[in-house]
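Chains as they are written, first to last, in the working numbering: chain R, 1 to 389; chain U, 1 to 326.
FYI, nobody ran anything at the bench for these hints, they're computed from the structure. For clarity, every value in this text was computed on a predicted model and none was experimentally measured. Just so it is clear, CB atoms sit at the ideal spot from N, CA and C, and this is done for glycine as well. There may be inaccurate statements among the hints.
[Stated by the list, open to error] Have a look at the derived ranges for each label pair, beta carbon to beta carbon:
hint, chain 1, residue 1, chain 2, residue 2, range
1, U, THR98, R, GLY126, 51 to 57 Å
2, U, GLU53, R, GLU327, 52 to 58 Å
3, U, GLY192, R, GLU269, 47 to 53 Å
4, R, SER148, U, ILE125, 47 to 53 Å
Listed below, chain by chain, are the residues.
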Amino acid sequence: MTVEGTAARKPRRSSKRTSASATKAPGAQSAEPQLVQLLTPEGERVQHPEYDIDLSPEELRGLYRDMVLTRRFDAEATSLQRQGELGLWASLLGQEAAQIGSGRALRDDDYVFPTYREHGVAWCRGVDPTNLLGMFRGVNHGGWDPTSNNFHLYTIVIGSQTLHATGYAMGVAKDGSDSAVIAYFGDGASSQGDVAESFTFSAVYNAPVVFFCQNNQWAISEPTEKQTRVPLYQRAQGFGFPGVRVDGNDVLACLAVTRSALERARRGEGPTLVEAFTYRMGAHTTSDDPTRYRLDDERAAWEAKDPILRLRTYLEKQGLADAAFFEELETESETLGKRVREAVRAMPDPDHMAMFDHVYADGHALVDEERAQFAAYQASFADADGEVK
Amino acid sequence: MAVQKLPLAKALNESLRTALETDPKVLVMGEDVGKLGGVFRVTDGLQKDFGEERVIDTPLAESGIVGTAIGLALRGYRPVVEIQFDGFVFPAYDQIVTQLAKMHARALGKIKLPVVVRIPYGGGIGAVEHHSESPEALFAHVAGLKVVSPSNSSDAYWMLQQAIQSDDPVIFFEPKRRYWDKGEVDTEAIPGELHKARTVREGSDLTLVAYGPMVKLCLEAAAVAAEEGRSVEVVDLRSMSPIDFDAIQTSVEKTRRLVVVHEAPVFYGSGAEIAARITERCFYHLEAPVLRVGGYHAPYPPARLEEEYLPGLDRVLDAVDRSLAY
């Protein structure tokens with residue numbers, strides 16, 4: 001049973017969190033509950049009574065590789081923004097374990113509804129990383145075919161996609177399929193009405209959907225305390241389905257917990273809320289300045305829990321990966337960075353007329369009229385050779 | 001049973017039944033649409049015949065209804081959702097505007113959103129607040145949506161068929177005060193195009209353009225005007241996005257005068273758009289400025305005042321007089 005009752009949990013004192021307890025509601029927990037962990041920040045493998053995972057050395061190295069390459073891609077995108085090649089970038093730095101762990105728990109026929117920060121999940125789905133950059137460069141609003149990798153378009157409006165995921169899952173159930181659906185969202189989105197409505201709909205219709213909340217502690221400048229007075233995973237109980245908090249910086253635990261929630265969905269037992277407790281190491285986006293609202297100490301504390309470092313420590317200690325593996329991965333990372341850099345720089349601006357394309361599937365008289373007007377206007381600048389200047 | 005005389009609500013019911021029978025992907029969803037058959041009985045008997053999996057009573061949450069319908073459409077279904085009353089659509093407005101309308105373009109055409117949002121709209125039934133509004137302009141303003149409204153039983157049947165078959169999202173406004181008006185429906189006829197207007201009365205002195213509940217009123221006004229020796233043409237617009245400007249232009253080039261009538265407030269209303277476009281297209285044909293008759297820039301009033309707020313026969317004829325006086 002995955003329901004995490006408050007009574008069953010041993011409160012673990014956290015000085016940071018208890019300092020805020022004065023603002024909490026009577027009866028609300030004053031300390032953070034324990035979270036599911038299989039790999040400690042020090043790289044020690046630990047057991048959990050409800051969740052376990054048995055991975056081959058190759059699979060473990062695979063998870064490590066996924067996280068390293070995702071982080072490398074993310075760093076390249078941040079650089080490309082600084083170089084003026086992208087207008088904006090939303091970094092996932094620090095959230096690699098939550099995304100790779102959950103992403104690798106999925107089957108090919110499962111369907112993903114991401115926010116705009118799920119670059120690691122996209123990686124797991126086999127979406128070409130350069131596809132993600134068009135919207136941040138400003139050449140499209142996404143543009144990839146969601147059905148080719150069962151990875152929906154990035155959704156910018158906070159929380160909207162949780163309803164799409166729920167509807168899609170209702171359809172999966174109607175089809176009699178044993179596929180599952182996963183909806184990503186964050187701690188900020190947990191305050192959105194759409195998220196609450198998606199919990200209601202999925203519970204009422206017993207939809208095969210996993211709600212994967214990356215609680216990265218910050219919704220731009222607002223700490224989780226501004227969104228909730230109870231740990232987020234406990235919200236699920238009120239809707240009638242289980243919630244579980246997992247160490248979001250532990251890729252093994254994220255994989256185990258998500259896999260269990262997906263299996264539950266496949267068995268027709270309905271939704272699960274997974275709260276991956278993690279940290280947004282970078283800014284909200286490249287436009288944000290976190291020095292205005294949070295202290296370096298906090299970041300440093302989370303740096304010690306880095307998701308990649310702990311798996312590397314484990315792999316090295318256990319002798320599961322040799323120096324050659326890490327060297328090869330370093331080379332592969334640089335190759336990826338170069339490929340992304342070159343692809344973005346070569347990404348052309350869209351044709352002027354493109355804004356009129358795909359407004360409607362079956363066409364629209366006004367769009368046709370305005371397209372023709374705009375084309376005529378553009379043509380009025382043509383010189384004698386017909387070149388538009 | 002090819003030709004039947006049906007109330008408009010029953011024509012919609014027959015249309016939904018036909019859609020459910022012919023396409024297993026069609027779903028009907030909304031508040032109280034199942035056992036109750038909808039508060040206006042538009043979905044009466046459908047759940048009994050097609051089951052709870054296809055005619056779905058939803059939680060009372062409009063954003064959830066439209067948001068899950070989007071997900072179902074992405075899975076390959078064709079949801080027809082009911083918003084119980086016009087004034088209750090706004091919790092879903094975000095999903096309709098930011099997601100339903102734009103997802104096809106966001107995907108550069110790689111996915112389609114065949115969702116119909118049915119909304120009973122308009123006043124004249126003596127209801128409480130939020131049950132009598134005409135928010136069509138708020139949707140017609142949004143690229144990616146199509147917006148239509150039938151005025152009679154035959155159009156109710158056929159336009160709903162066409163809306164369900166459309167691969168674009170369609171906001172389908174139903175004139176609730178005409179739900180009980182009977183009209184002939186030929187279920188074997190060849191329907192006109194969904195977004196084409198129809199001239200429902202020929203005339204030569206002035207054109208009245210209306211849609212939904214106001215078409216009947218304009219026909220009555222034209223009949224009264226005829227008694228006074230004035231030949232008024234009435235165009236049933238049927239579609240508010242796209243608008244069949246060619247049909248209006250053809251009529252106005254003949255009559256040289258145009259009055260647009262709708263229940264919605266005239267400020268930023270569809271009449272404003274029609275006036276601007278027709279002034280551009282027919283500047284040298286017009287003998288008078290395009291006039292509008294509609295609601296005022298005030299919240300929809302309490303029921304005892306709605307007769308004054310809504311366009312009535314006298315207000316339409318007053319506008320006809322003013323136009324002809326130029």
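Here is how each hint holds up against the structure:
For THR98(U) and GLY126(R), the Cβ-Cβ distance of about 28 Å falls outside the hinted range of 51 to 57 Å, so the restraint is violated. Between GLU53(U) and GLU327(R) the beta carbon distance is about 56 Å. The supplied range of 52 to 58 Å therefore holds. In this structure the hint that GLY192(U) and GLU269(R) lie 47 to 53 Å apart at CB holds, the actual value being about 50 Å. Judged by the Cβ atoms, the range 47 to 53 Å given for SER148(R) and ILE125(U) holds: they are separated by roughly 49 Å.
Going through the hint list in order, the structure does not satisfy hint 1, though it satisfies all others.
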